[in-house]
Each structure stands twice: as structure tokens, then as C-alpha cells.
Amino acid sequence: MTQLTVDLPGLMLKNPVMPASGCFGFGREYSEFYDLKQLGAVIMKAATGEPRYGNKTPRVAETPSGMLNAIGLQNPGAEKIIVNEVPFLAEYNVPIIANVAGSTVEEYVKVASLFNNADSVNALELNISCPNVKEGGIQFGTDPDMAAEVTEKVKASSHLPVYVKLSPNVSDIVGMAKAVEAAGADGLSMINTITGMQINLSSRRPLLANKTGGMSGGAIKPIAIRMIYEVKQQVSIPIIGMGGISTAEDALEFLLAGASAIAVGTANFQNPYACPEIIDNLPHVLQQHGFDSVTDAVGKGHER
Amino acid sequence: MTQLTVDLPGLMLKNPVMPASGCFGFGREYSEFYDLKQLGAVIMKAATGEPRYGNKTPRVAETPSGMLNAIGLQNPGAEKIIVNEVPFLAEYNVPIIANVAGSTVEEYVKVASLFNNADSVNALELNISCPNVKEGGIQFGTDPDMAAEVTEKVKASSHLPVYVKLSPNVSDIVGMAKAVEAAGADGLSMINTITGMQINLSSRRPLLANKTGGMSGGAIKPIAIRMIYEVKQQVSIPIIGMGGISTAEDALEFLLAGASAIAVGTANFQNPYACPEIIDNLPHVLQQHGFDSVTDAVGKGHER
Amino acid sequence: MKKRVEMIVKSVSEIALDTFEMTLENAFTAKAAVPGQFLHLLVDGHTLRRPISIADINREKETITILFKQIGDGTKRLASFQSGMKVSAIGPGGNGFRYDASMATALLAGGGVGIPPLYCLGKELRKNGIQVKAVLGFQTENLVFYEEKFRQLGETYVVTDDGSYGYQGFVTDVLDQTGNFDHYFSCGPIPMLRAVTNKLGNDSGSISLEERLGCGVGACLACVIPADSEGGYRKICSDGPVFAAGEVML
Amino acid sequence: MKKRVEMIVKSVSEIALDTFEMTLENAFTAKAAVPGQFLHLLVDGHTLRRPISIADINREKETITILFKQIGDGTKRLASFQSGMKVSAIGPGGNGFRYDASMATALLAGGGVGIPPLYCLGKELRKNGIQVKAVLGFQTENLVFYEEKFRQLGETYVVTDDGSYGYQGFVTDVLDQTGNFDHYFSCGPIPMLRAVTNKLGNDSGSISLEERLGCGVGACLACVIPADSEGGYRKICSDGPVFAAGEVML
Ligand SMILES: Cc1cc2nc3c(=O)[nH]c(=O)nc-3n(C[C@H](O)[C@H](O)[C@H](O)COP(=O)(O)OP(=O)(O)OC[C@H]3O[C@@H](n4cnc5c(N)ncnc54)[C@H](O)[C@@H]3O)c2cc1C
Ligand SMILES: Cc1cc2nc3c(=O)[nH]c(=O)nc-3n(C[C@H](O)[C@H](O)[C@H](O)COP(=O)(O)OP(=O)(O)OC[C@H]3O[C@@H](n4cnc5c(N)ncnc54)[C@H](O)[C@@H]3O)c2cc1C
Ligand SMILES: Cc1cc2nc3c(=O)[nH]c(=O)nc-3n(C[C@H](O)[C@H](O)[C@H](O)COP(=O)(O)O)c2cc1C
Ligand SMILES: Cc1cc2nc3c(=O)[nH]c(=O)nc-3n(C[C@H](O)[C@H](O)[C@H](O)COP(=O)(O)O)c2cc1C
Ligand code: FES
Ligand code: FES
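Protein chains in written order, with my numbering: chain A, 1 to 304; chain B, 305 to 608; chain C, 609 to 858; chain D, 859 to 1108.
All clues given are correct.
Straight-line distance between alpha carbons at most 25 Å, and here's what the computed DMTMM-like set of lysine to aspartate or glutamate pairs gives:
hint, chain 1, residue 1, chain 2, residue 2
1, C, Lys610, A, Glu91
2, A, Lys211, B, Asp476
3, D, Lys981, D, Glu883
4, D, Lys934, C, Asp652
5, D, Lys944, C, Glu622
6, C, Lys807, C, Glu763
7, C, Lys684, A, Glu62
8, D, Lys860, B, Glu581
9, A, Lys211, C, Asp681
10, C, Lys610, A, Asp280
11, B, Lys360, D, Asp1086
12, A, Lys80, C, Glu838
Bear in mind the hints are in silico, worked out from the structure with no lab data behind them.
Please model the complete structure; the sequences and the hints are all you need to start from.
Take a look at the structure:
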């Protein structure tokens, strides 16, 4: 029997596979395709202090082996999410991770406190890396001091374990990781999207209404693997890896690079069964490469 | 008649299309496919002060819509290039851009001075962004002060116009661009490759001997477009755009983003005729989108 | 439970310039589909699926017909599919047209590749004994398709932007001539829908919208359209693509 | 001038487990090719071309035969090509085997998918009146291919790693039994080539190498191999893939 369980701060996962934030809503839509209780965990769409409408459309564009999105943190606000969405997910008995976003440290703290008092939320993913909003988000994700500050304040306001979601749009990913680790992060989540743009030749304008968008999908996988590999050598908190995962082989590559669990974003759009298929195939792929468990494989791509 | 000519510091180009550094050697191999005199210019493989052997193999890996390379600046050294390679290219009567690399400011200056005294070299491309060597290269490309220093010193040591080649592996591309502009750069060349990694599941090790490599090809095009678009709004020196160009439509997208000329790298490998095909198709693609000349289209993707 | 199915290409043909008719076989989809819904089709080499409306349903033969225009690489590849090949589809997606089955007359006003779902609807309406009138707008003559098929359903007006075929002008330019109807159904580019809903502001109507989709199932919020000025919104892929005229802000 | 050509698939068949034989038609390539050269093939959905050795040349029918093993997605897609389809190829690439046409006997020592170029060479040697002996190594029985074809050229020894067919062991284990020869030609994985060149250190020989390629034409320096300890090197794609034994450092 191949052991798929993973034990992370605040998260006892039956398997390491979870949908990534923003690519799975709050689970309702994909629950029409399969039973969500199969999932290792669910990371919910970003929550802010107040409801947000987000950006104008078009909000997505396709790129070679990837896509751009500029949703702009559209969400009904943390309070409504706690009342209307969390109970739905909780019925599946699946660990729930709340993705926490904001424009100011105060907003992050507010959202984190709200989830702290909510039942059924097991961990926070601190989204300091959303490239698609005018303020907040990405600044926190590119300045190690600001990242450390928001991590510290959120940690102080909540007993839930905090996974800080790092932005790849930085010169020094290891510096960012160390800064939030020192500030008390329980884990890391990496990577968020890479800022990109597509220009529409006919309209002669950026295709997305927001002009820039976050690139995700297979195209960014080598960047995610590199960053996780580098960070793994310098920090000791666990990493939830993501960026272009669509198969169990991809998932294993992330484990070897140093991720302890993995999240699947863009792949859900092409294949709504992406998560359960990865979960189904993972035991075979692990065995094929000589591993008896997920934890066996974590970090095994590094020199010993 | 569609006007393809472009007039840049030190470079009177009959068309805006040139092969990118490192993807075309010194032209000999592709001269067996077509007559190089068709090209707008040729950017030569990086030159260092001394001959370099480069990294161990494997040096390349394929990624979704892209590739990784870690050649490691293998080259016979600037002196041999000037004696053995430049004269070959000069026979095609095509503007020649020398890609200048090094581990220290002194090495950059040495290489630049050598080319300064060489016949037939029309401009320098300052490679402060090679991610595949242990020292130099990438540091200069991620620290604006170091980038400015090397730019200034090279400018002082050569009368040739200097195009600084920027690395996309930075938090603030505009800051880098402004720093080298202030230091006297005549133009920018962007983007170089983005650092990535692929892990081989069977060997459980990074596939490239160098572990990390630079990602190029279609996958990085949206990142290149975004960076050029952002930089174009903040600097006034011209930009040679590159990153995933394989068609005349791609080339036009770069022009709209703000590039004045474009370079083609990875696409040569799949299609050895990539450059001449883009040159052939560009007039039609320009006309189709309402442009009578290349210069007409430059920067037209921006709000007016 | 929603489904991803493999559909089998039964036929592909070019019915107007760059405009293709494709018949796809799948028992589940052909049974479940209603007019106004779409298929979200996978095309090799593309990250995102392509949404294409259902243009006809044959429940006996278990086939769905789609009509699509070659726009970019996705539709170009789709057009190159050969019969016998399999296509992965999610769907039927979205909500179809809702209407009062007791109405007497329906007006169908479609533009370009907004026309296909109206054909499917028109057939169903006729089967339910509802009279159908159709106004079909195209850019130019060689893009005209399905005129005969619509004529078999009822009174049909064809307009072209350049007047190269039928009336000259926009769909809205002939709406005065179509006479009374109980409800209108419109599908086409946003500017057309805006013009139609403005012109027919007092009538009861339904419109079907297009937007760039991500997931196509309501999860990613790529496809929202404002429903009021207070941040209310609808998702085109799952609340729509069909909306009551006035329900969303065009 | 070098060329990129469109070749037409004439046939594809699986001749051993996951091992495919494909015949490709193109007048230029069939005329220009010599044993030891390779084709650099484009596979849809892949940035880099795939290098595959020329296993046979039919100058009358203007075809080239290649043999390849399904390793990853590129060779998997290649295996799925149907006859009549077109494949873009750059080539013939690299330099073929050089030899003294007056020699009496040649030894061919190949492992796995290193065997194909040796077949092409063997046929040519025989045509030139040179005796051929072959040692063919495979991992296991169901991977064995072209045994009969080699027997038609001359004395042939088959070895499998696990002894499931022919001799048990590595190619080097039977080299003692093959008797005298004037020159050896070897192609296969690097560890095998290292073993062969060590064992046959005093003999004159040629080896053919594999490495991950970028451009495949000598421009990108992806495929270098050290030729001495002073930074000298050769490019496998353009100086090779065939080298004199001892010319490069394995
Ligand atoms: C609900 C719905 C139903 C549709 N029904 C039809 C139909 O019946 N017949 C038909 O011809 N077309 C229809 N379309 C439009 C069709 O989806 C696009 O023309 C198609 O996706 C273009 O793909 P491409 O790869 O050829 O173009 P590209 O421009 O290369 O596509 C790039 C990206 O943009 C998206 N895209 C481009 N244009 C559109 C568009 N107009 N609407 C939505 N996404 C777009 C593509 O899906 C893809 O993600 C429908 C769209 C929607 C949302
Ligand atoms: C000169 C030369 C001649 C060759 N001749 C043959 C032959 O006759 N028959 C045969 O079966 N194979 C041959 N190979 C190996 C063949 O090129 C690879 O098996 C093939 O490229 C694998 O592609 P893939 O997409 O299936 O595998 P993947 O592993 O998915 O490929 C990923 C990348 O790695 C490269 N790659 C993987 N393995 C190799 C390898 N062993 N050598 C070079 N590149 C590799 C691929 O080209 C691609 O760029 C030859 C290689 C070279 C260099
Ligand atoms: C449409 C879309 C919406 C997203 N929304 C969020 C979000 O709300 N919060 C967040 O932290 N990440 C968000 N992301 C980023 C993903 O969670 C993930 O980090 C990224 O897409 C890389 O993974 P992938 O390549 O598997 O998609 C979003 C991504 C996409 C494509
Ligand atoms: C194999 C390879 C070698 C390269 N060598 C160099 C180099 O020597 N100097 C340099 O400035 N850039 C080098 N580059 C980067 C390219 O010039 C170019 O900036 C980058 O690949 C993006 O363009 P592309 O996507 O069209 O390849 C190299 C790229 C590749 C793929
Ligand atoms: S496309 Fe994802 S919500 Fe509509
Ligand atoms: S593969 Fe480019 S030099 Fe050999």
C-alpha cells in the first residue's frame, strides 16, 4: 500500500492534492463532477474584508501552455464566505484552507480574525502575491519587510496555522521565504502567478481589461520547480507546491523539488477531474519511481 | 510599400528582425539554410575575456511551450571571435551586434574594448543577465547599482552604442531599465531567459547538469510583453524585444508593446528559417493591422 | 452530476466562408441538451477549452450539431477534425432559453455566429406550435448560412452590413418590418445586443451572451457581467449564457 | 545549402515492445543521406525537434527507414503518425560513418536504439564487399529487433541483459567470441560505449553518440562533448554523431 497521507501544521491530509485558490471557487461547481471528499484539502477563493467586484472583463487570455487571469479578487467578503460557503465545504469533511487577501495590513488581520473564529477552517493561506489588484497584494509579496510584517500581525491575530503564498515576481525568492519564516509562518505556498500581458493585434490594446494578468499553467512549472528547490534548501517550514501541475508525474516532480503537498489550479479548467485523477494515479507513479509514500519522495530531488 | 527599416543608435536596419544571442552561434550554421544578408542584424553568441568551456551536459531540456538552457557562456573568447568569426559575418554586409559577458566589471570592460577596436562590429549588447554561470552575469542583472556601474564603465571604454540586456528575474524591471538608462545605455535588449528547473523523475535529480537553466520560447512571451510594455512607459531609449517570438504576428505584438526591433532565439531551433519567414511575412501582417511601416507600429499598444 | 464526455465527430463541412458545421455524437449530451446551452470543447495544444453553442439536437441519432467560425488557432484546429475522431466536451453547459410555451409568436434576432443557438431554439418553438420569425444579420454575402433552414421555420429576413445580400444594414434596421411577437430572443455581438434591446426595450426578450471563459462551469469568475450598479453580477458560463433582457448591464 | 523538408509517412509498425519502424519518403533526403546521419523531426506540440538515426536508405523508392523507441511524449506522438501524414525533418544531419573501403572485416556492436544506424552501415559495408559481424545488445527478449536482418549481413550475436534471449550479459561479454576485424563501429548508451572502447582499446573503431540537442545544426552548443582536457570539444550534432574512438572523452 502506498501511503498518501501528509501531516502538515494544522492539516492532516489523506492525500497531498488540493485545488488551488481561485481555480475552484468554493467547491460547489466541481462538486457536480465528483465527490469532494476525495480531495486532500480545498483552498478557497481569496477572501477580503469587504465584498469586491473585481476587474472588468475580459479577465482571462490564453497563452502558450498557459493562461493569464486578472479576476481582481472578486469575492463576497470573508463574512459571507464563512456563512454561505464554508458550511457547504465542511459537509465533505475535507480540510479547508482560507485564502486571505487585502489591501492593508489591517484588512489582512481582519480577514484572518474572522476565519479564526469560524468553524471548520483549518488553516490560512496568506495571499501576499496577487498581481491583479491596484494596491496591496503584490507589494506585500515583493518586499520582504512588508511580507514579514503582515505575516507577524496575522499570526498574532489567529491561532490557525499560516501558509504564506509567495509571489514569483521577485529577484530573490529565498529572501522572501526566509523573511516570512522568521516572522512565524507555519508553511509556504508557492508559487502564485507571474505577471504577464497579451496585446490584441486587432484592437491594438492589452487584451485583458486590467492590461496585465497573472500567468499560470504548464508554462510556469519550471519556474515553480526552481523556486521550490531553492527555497527548500534554505527554510525548514513545509511547502505547498503549485504552478502548472496537471498530472501525477507533475505532482511527483514538485515533491522531489521539496513540496510536501501540491495544489492544482489551471488544470481544473481543462480537466474538471484533474484533482481526483492525480490522486488516483499518484500511488502508481510513486511506486514506479521507487517510493512507498508521499513523504518518502519529499525533497528527494536534492543532492544528499 | 511597407517600410521595414529601423534606425537605432549605431544600427541602420533594413528590417527589425535579428537572431538572438546564443541561438545562432556566429551565423555559420544558419548560413547553410539561407543567405544571411536578408537579416536586419545578427547578434553574436556571448563573448568573454578568456575562452570558456561552459557547463557540463545535459545543457538543454524541453518545457511546455519552451525550453531550458544552461550552456554557460561557452565561447572561444572575444579575441578569437574577432579574428575568426566577425570577418565571416561581415561578408554578409549585415549589422553585427556583439554580446558582451563577464564575471567582473573588468572583464566586461576588456571585452567591450576589444570589440571597440574591431572592424565591422556595430553595437554591443551588454549581457548582464546570463543566469547560467556561477558568478557575474545574473548579479549584475538583478542589482540596479551594479548594472549601472558596469554600463557606465563599458560606455566609457567604447565608442560603440551599448544595448543593455535585462534579466526578467527581478522584482522591478522598470527600476533596472531606468538605472541603466541613467548610466548611459543607448538602448535596451529584453528579455533574457527566466531561471527554471526540471527534475528528472527517474534519476531523481535536476535534469540539467547545471541544475537550473534559463527558460525561453513561447512560454515566456507574455512576461516579455509585459516587461517591455512597462519599461516603454518609463524610459526613452529604444528597446530590442525578444522572448518567444516565432511569427510575424508575435513580432508585431512586440512592436505594439514598445520594442523598436526584435530578436528571435529559440524559434530558430524548430524552424531554421524563422527569421527570413518573419521578415517575409511582416509587411503583410503590418498592412493587415493598418500599419505602413515598422516605426508606425512601435508602442501603439499603449493608451494615447 | 456534470459530465465530461467524448463525442465522436460524424461530419464536418464548410457551409460559408470560414464557417463550419460539425455533427458530434454522444448519447448523454444529445439527451441532456436544450437550446441555448453550449459545449466546452478541448482542442489539442490549447490550455483553455472553446465554448461553442448547440445549433441542433437530434435525440434519435444522439447527435449535436454545432456551427462555428474560424477565428484563431482553436477553431482552425477544430475545423480540421476528421469524422471518426473524438472530441472531449464538457456540457451541455449553462442554461438554455426559457420561455412561456403558450406564446403565439417569437422573434429570433441573430448576428453572425450568434445565429446557431437560435436555430436550435426555433426548431423547438415550432415543435411546440409557436410561430417563428427570424432576422439574421451577416457582415457580407459569403458569410450567410442557414437561410433556407430558417425559412423552413418561418418568415426570415436576411441583412448584410454591406448590402451584398438581402437587406442592407444591421439587424435592428429591419425589426420594424417583422410585425408583432410575444417574446424576442437575440444572440450576437454585444453592440448588436445593445442595439436590439434598446430598440425593443418595451418588449419581453431574452439575450444570449459571449465572453472569454476560463473554467466554463462557474468556478473562476472570468466571465462575469454586472447585473446592477451595486456590485451584483452574473456568470455568463453558468448563470447564462441566456439572460432576460434587462437582467444584466450590457 | 542545408534543408528542412517535408517527408511523407509511408508506413509505421511496432517491431518490438514500444519500438517502431517508420518509413519516410523524400527525394532529397533519400539521395543525400549516408549511414550514421540522423533526421531532426518536428512533432506537434513540442518546442524541440527529435533526433532519430537513419536505419535504412532506399534510393530507388526515395525512402528512409527509422527505428525508434517510445520514450516520452515526442516519440509517442511520432509512433501515432499515420501513413500519408507529413513530417517536417531537418537533415540528413551530422556526419556519417567514415571507413577505409578496403578493409576486410567490420564489427558492429550496438545496444538498444543504438542499433539502427549500424544496420544502415552494415548494408553499405556489405555492398562494398566488406565482411560484417554484429553484436546486438538488448535489455530483454521482447525488445529484440532486426536480428534476422543482421543475420543476412553476417555472423550475428544477440545478448540480453537478463539472458531471456541469446547470450546473457552485455555486448562486451561476447566481444571475445567474434574473432578478428579491422575496424569496429559502436553505437548505444554511453556506459556501453565506454565499456566497448575500453575493451577494444587497441583496435581501430568508430562510435556514435547521443545527447540532448537544441538546434541540431551546430549553433547552440547544447550537445558538446570534451575532446581533451584543455577545453577542446566536439559538437555531437554537427561534428558527430560519429567520432573516432578516442577522439572524445566519454
Ligand atoms: C457561450 C458561448 C457560445 C459560443 N458559441 C459560438 C458558436 O456557436 N459559434 C462560434 O463560431 N463561436 C461561438 N462562440 C465564440 C467562440 O467560443 C470563439 O470564437 C472561440 O473560442 C475562438 O477560439 P479561437 O481559438 O479560434 O480564437 P482565439 O482568438 O485564438 O482564442 C483565444 C482565446 O480567446 C477566447 N475567445 C476568442 N474569441 C472569443 C469569443 N468571441 N467568445 C468567447 N471566447 C473567445 C478563446 O476561447 C480562447 O480562450 C461562443 C462563445 C461563448 C462564450
Ligand atoms: C544523434 C541521435 C540519434 C538518435 N537516434 C535514435 C534512434 O535511431 N532511435 C531512437 O529510438 N532514439 C534515437 N535517439 C534518441 C531519441 O532522440 C530520443 O529517444 C527522443 O528524442 C526522446 O524524445 P521523447 O519526446 O520521446 O522523450 P522525452 O524524454 O519526453 O524528451 C524530452 C527531451 O529530451 C530529449 N531526449 C530524451 N532522451 C534523449 C536521448 N536519449 N537522446 C537525445 N535526446 C533525448 C528529447 O529530444 C526532448 O528534447 C537519438 C538521439 C540522438 C542525439
Ligand atoms: C483564474 C485564477 C484565479 C486565481 N485566484 C487566486 C486567488 O484568489 N488567490 C490566490 O492566492 N491565488 C489565485 N490564483 C493563483 C493559483 O492559486 C495558483 O497559485 C496559480 O494559478 C499557479 O497554479 P496553476 O498553474 O496550477 O494554476 C488564481 C489563478 C487563476 C488561474
Ligand atoms: C541555447 C540558448 C543560448 C543562449 N545564449 C545566450 C547568450 O550567450 N547571451 C545572451 O545574452 N542570451 C543568450 N540566450 C538568450 C536569448 O538570446 C534570448 O534572450 C532568450 O532566449 C529569449 O528569446 P527566445 O524566447 O526567442 O529564445 C540564449 C538562449 C538560448 C535558448
Ligand atoms: S468561465 Fe469560469 S466562472 Fe465562467
Ligand atoms: S544541438 Fe545545438 S550545437 Fe548541437
